[in-house]
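Student: Residues per chain are reported as follows:
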Amino acid sequence: MNMHAQPQRTLAETALIDAFGERLSQLPGDGAVMVKRDDAIEAIKHGLPTRRVESWHYTDLRRLLTSVPAFEAGAVVKALAPVLEGSAVLPVLNGISQTKLPEIEGVTVQRLSEKLTDGSVAPGLDPYGDDDAIGALNTAFVADGYFVDIADGTELEKPIELQNLQAGGQSHVRLLARVGAGAKAIVVERQAGERDEALVSSVSQLVVGDGAQVTWLIVQEQPETATHLAQFKAHIGKDAKLTLFVMNAGGRLVRQEVVVRTTGEGADFKLRGINLLAGDTHTDTTMVLDHAVPHTTSTEVIRNVVTGKARGVFQGRINVHQYAQKTNAKMACNTLLLSDDGEFSTKPELEIFADDVVCGHGATVTEIDHNHLFYLMARGIDEKSARGLLVKAFVAEVIEELEDEALVEALEERLDGWFSTHG
Amino acid sequence: MPAVQETIDRVRKIDVDQYKYGFQTEIEMDKAPKGLSEDIIRFISAKKDEPDWMLEWRLGAYRRWLTLEEPTWARVHFPKIDFQDIYYYAAPKSTPGPKSLSEVDPELLKVYEKLGIPLKEQEILAGVQKPTAADGEEIGDNVYKSGRVAVDAVFDSVSVVTTFKEELAKAGVIFCSISEAIREHPELVQKYLGSVVPTSDNFYATLNSAVFTDGSFVFVPKGVRCPMELSTYFRINEKNTGQFERTLIIAEEGAYVSYLEGCTAPQRDENQLHAAVVELVALDDAEIKYSTVQNWYPGDAEGKGGIYNFVTKRGDCRGDRSKISWTQVETGSAITWKYPSCILRGDDSSGEFYSIAVSNGYQQVDSGTKMIHLGKNTSSRIISKGIAAGFSQNTYRGQVSAHRKATNARNFTNCDSLLIGDQCGAHTVPYMEAKNATAKFEHEATTSKISEDQKFYVMQRGIPEEEAIALIVNGFVKDVIQQLPMEFAVEAQKLIGISLEGSVG
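Chains as they are written, first to last, in the working numbering: chain A, 1 to 423; chain B, 1001 to 1505.
If we strip away everything but chain B, and leave its shape as in the complex, we get (with noise of 0.2 Å):
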């Protein structure tokens, strides 16, 4: 079939020009040695100013890590990694603490500049113009282009800027960078970090738990509705290193927060890894709803570099009535393998899982979700939709367990896969867990290409085929897309457009 050649021919094609994002800054860095061991982590620490509880928390934590093995389970394949060859702290050189913007590194200010994230507040709060390049060049659409956005900004190693911050202390919520908060309100980070996701969690958790370096920190105390969305924006951008970020998330008795994460990386031939840990607390009536647009360097059309995206998130519902949404656009990274979940801990509390994995190329995804059922009347949903083109595999993994307690616990789970071309696999490996009489799960999953009727119709409509194909894609992804906040569908749905570009025909 000429069509089927031709999808092959174009998946081939596909070339490194695609990932826009895959520029190299040079900036002054400030570098720990190589390497990682008690000595590193006194560093990292000392440097961020740390108070001991801190440095001792990650101390046990290394402890912990040495003891461990790396898990091989995932249907993932890599070389193994060196934890010794990566550089674990790695910061731009400025003046200590910029109290400004006006005193950040301005080659760092046009990397974010060229990225299209808006750092400066007034640009946005007139909203009048889209921010160019300061070397004339257009900047391409970008998902942070719009709206007020406070914007948390991780360069490598440590957060480089946070706006909005004012404006947003005004309403009692705070927003800073995570080694800000260990400084400025320890009480509020000894209280809730780790305490979702323990040092002792899992293998790429305790390594994180020991080297983390920067993240953010939200507060959203008792009854705010935070007047704006949150967004964390990292880049990685230095040579071997590896980013291990921290996000804190705590939204007090019947607080509101929606929180975007965005993330890009240069064009490397090395593999560089990206191991964060992401907390959410709700309590009592509080909402949290986390949607991340991931797009880190995927690697080259041969497979060649890339990020490895080996991440930890997970939200404890600890309230009653308490919700946390994760929605995920999953295009970037060599590999992807993480899981966001939610702990449906109090009475009446909720979780949400939307997902769409796009692979195309070499990319290998393991994700998915858990859903643990502990409250009484909880309820879950989870709408996994996952595109392989390419050489890539896609899987979905996911459990949804209702515990001995958790009576009337309630899931639905549905994944589908979309397989484009013939060198691609899609998985689906979902876990069911029933220890509750009264729990009622339904989990329905399909498997399928483009149907040649849908493509019909559509073209027969005097719509050519690649846009076609665009079109059903993005009706297959339509469910999940509707969750975004509005800043980031667009963009999402272009995102797409462009992992695909090329893989269909």
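The shape of chain A in the complex, shown without the other chains (with noise of 0.2 Å):
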């Protein structure tokens, strides 16, 4: 198609194309998976996206992609005290499962490795489009992860931890997790590690079945030397809900795809996220939704607040098909911008192709409002804390929202942590 020469392959490229060629004798698959990871090998092959292809425009991946670390098989790293106390943790350390899990009542775990050496998940191994550059990352190395399947009507008391720690090198990471018609849960996907160059992979790949009620937590708290390509898969189904939380909160370069289809009337979906960035980073939340059958909700609400160098990016497009008629989608994406050296750029979008719904988006970028900041002043508060407040309830405004408690408060703890830091 393209009847140009290939540009010459940049070092990363280059780099990620050697290391398959190390690791695939290590890599477990049986022939389906294996044929998978060759094809994901060559969309790689290919180039890593530029801002030419429209998902990547702020994002591109082949130059601010500089470097690939290597695979660093004696780095140590220890699980994490979970964000929610009392969860049951499931971690993954430098990209691999461990052998001594948790019992959870109504819970089967299983090790990805091991779906991957009998092949049962290499049907969910396909990218989702040409431009899906993450998932053909993941699928080319993906090495372990987790299996999680909550039986249908189970209600966890607790909630389930999944950690993704590295310690530095790459990482390739997949999450699955089938959530049983009618069951209830809460989980939270950390995302950290130490302070070392990484590249980290992640993908996750959620079933809500008929009437399950989800609570699914990001946190993302990588540092400044990590690239974190990142992605989130679901389904919803029949008169089920997904409640998606995204905080991210550190990596150098960092790509958060939110992928999500409802598949049965009355499911409903929300999306809220946190982009805290500062220093010299660049940040992208990518989320792309498909209202897929009538009768399906969705609301969005993206806060983000940029200091220091750092770049940020929110792409948000709901897809409202032909037959997805009395769809209701609200999207709302506010930034505020702290630094001169900042910058945001959003893209919310809305392609609809069903005439009887209701959809909206609203997008702003703005400074802190004067007014406010003159109000709390006006009664005595310095300017720095009378910023800091008006910012932290700009975000902590849509913690509130998830109403849980104990979920409020740990993750305004993680707020503060931030705050406290980077303020």
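Ranges between beta-carbon positions, derived for each pair:
hint, chain 1, residue 1, chain 2, residue 2, range
1, B, 1405, A, 379, 31 to 39 Å
2, A, 323, B, 1070, 32 to 40 Å
3, A, 377, B, 1453, 43 to 51 Å
4, B, 1070, A, 403, 50 to 58 Å
5, B, 1071, A, 341, 26 to 34 Å
6, A, 196, B, 1191, 54 to 62 Å
7, A, 66, B, 1452, 54 to 62 Å
8, A, 66, B, 1269, 49 to 57 Å
9, A, 403, B, 1414, 29 to 37 Å
10, B, 1172, A, 377, 49 to 57 Å
Note that these hints are calculated values from the structure, not bench results.
By construction, the Cβ of each residue, glycine as well, lies at the ideal position given by its N, Cα and C atoms.
Assembling the complex is the task here: the two chains are given apart, and the hints tell you how they should meet.
Tutor: So, in structure tokens, the structure goes:
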């Protein structure tokens, strides 16, 4: 199709292709999985996406991914205390799942390496489109992760926390979860690591069964030395509810994709996102939401705080399919730009093929409202504290919507943690 | 629901009869051979009696164009255009440079009469009667029927006549065809042509730079408020021709001008390309208001034929406190692909974009704007209303960006879409890029159908359904209609009615 010769490969591209050759013999998978891996590396051989690829317009991966670290087999990292007290922790350390796992009633946990070896996860390894570079990268290299199956009707008493922790080098992890019909669960996906150069790809795939209710929290606190390429994909069944909360508070180059599809009538999706951006970093949140059947609803609220030389991106596309009548979808993206060197780009998209729908989106980019600042300062609060209060209130609003008190408290604590180091 | 079924049936029935400007006129034409090459460009340049620098400019653009690839990012689909299968120059044969209307081919005058374009100054001055066609047929109400409006009529590749030139000249305003401007005012053209849309800008703009044949030129000197509305009327008549016009409007310090643009084409089964470039330059305290009623032939009920309207329109608020305002009513064309933009370079400058895009049948629209904030305290406002019916696809695509030094940049964007029928699509793709902490951008978009409640409210008061919907649609687009000059507003409202006729039920 492309008449032009491929431009010369970048160092990162070459490193990835070479690494694949070296790793191949150690990667788990049956024939079907290996075919998917080969297809995936072929896609990478065609080059990482540039800004000319529409969905990567603001995150030119080819230019931004300047180097790729080697795999470090020897690095040691320990599981962290969970965000929510009492959670059952399932850690993936340096890309490897654990054998000794907690027993959770109504839940079956399997190591993903086993499911790769027997090939049962092969069908889910396909990238979701030509421009799915994260999916391709992960499929090529994924070695481990978990498959968590929550049986029909199970109401989890304690949350499950999936931890993907790295101590430098590369790790490629996949976290699969099925929440059975009528089940209820809170799942935390923790993405963190130590201060070392790292390349992490993490793909989460969730199926929410009919009538199930899931709250899924992604807490990303990578060090400023890590490239974090993540994807969250979900299908939401009939009358099921999924609340996805994403907090990005770290990483040097971060892209978190959210790819969600409503598959049953009455499905409801909520996305709440907070991006806390500092330093010389690049953070991209890209959402593609398909309302594929009639009578489904969604709301998305994203709040961003940009400081330092940080660059932020939010892209959100809502597709309403032709037969998805009575869709109700609303999206808002609000940004506080706090520094002269910060940048934020946003592209909220609506693609609508059905006529009986109510869809809307709003986006704002502003600095702190001077009237608000004046109000507080007139009451004797110094400027720095007043600013801090306003910024915190701006993002905390999204957290408070989660309603679950323990959740709100735990997340506000993470928020305070970030403000104490970056305020 | 029977009402919905009825809607679909009516949409299906949409007939080519809806397009009332679809006639073709037999006029003896002077054409260059088909295809594109350096020779054709030399031919065009020679025909226009152009100076050497102009030819060099064109050739430079052509060489550049050869290296470019057609862009494919827009949400429009069409078969690949064969650029060698187009006539790049077609002009009505007439006495060289008609000095007055009496020397213009009477057939040609009839065309404009039929379109309702007043080319006879007295008639308009007297303002007594509506012009009637020579064959006695009543002319439909047209955009240009009233008021004192100076008209530049562009027929295929050339400007046929420009009215009120003398009166405008008294005020110091230059209003003529761009070909004439290249000959008579080369210093102005050389200074400003390509300064807003450079020859290297994009595929279609580069092509236009190489082969543009005519268009309008407006120069409003310092401190002058242009005494009347200026307008250009574009007509594609000849088969297989492409229309590549170039418009350049310059408002010097403190000047003001309001400019209207209208266009039609005959009904044909094949598609025709219209790739224009419009450049606006506003210096300190100047204001330019540019209004378009775009009514190119949209193709028939099966989506056969129609104009490809691939246009680059850009305004440069070069001076401090300058203002450029785009207003467009888009009802025609098989495919519309354009983004009238403002570069807010001067401090305190402002840009506006008001748009109504109505699509029906198999029309595809990918339109919107760009507001590039470069200067301090710049502001912009975007109001876009898209109405999709039939099998059409209607996309708003717009970019708002604030650069590092654009302190206190302000933008407000509102784009609403209305869907009529379940076979059409409405899409919103806004890009917002803030690189300055003091920037304040707001964007809101909604998509919905006419609510049963609204309809019930109106119908309950004894208004029939079709009228009720027309009323609601007109309310929906009111914000934009209000921005149009009087001469246009009434007609635009009617045009929207025509475009949607048969699609509301």
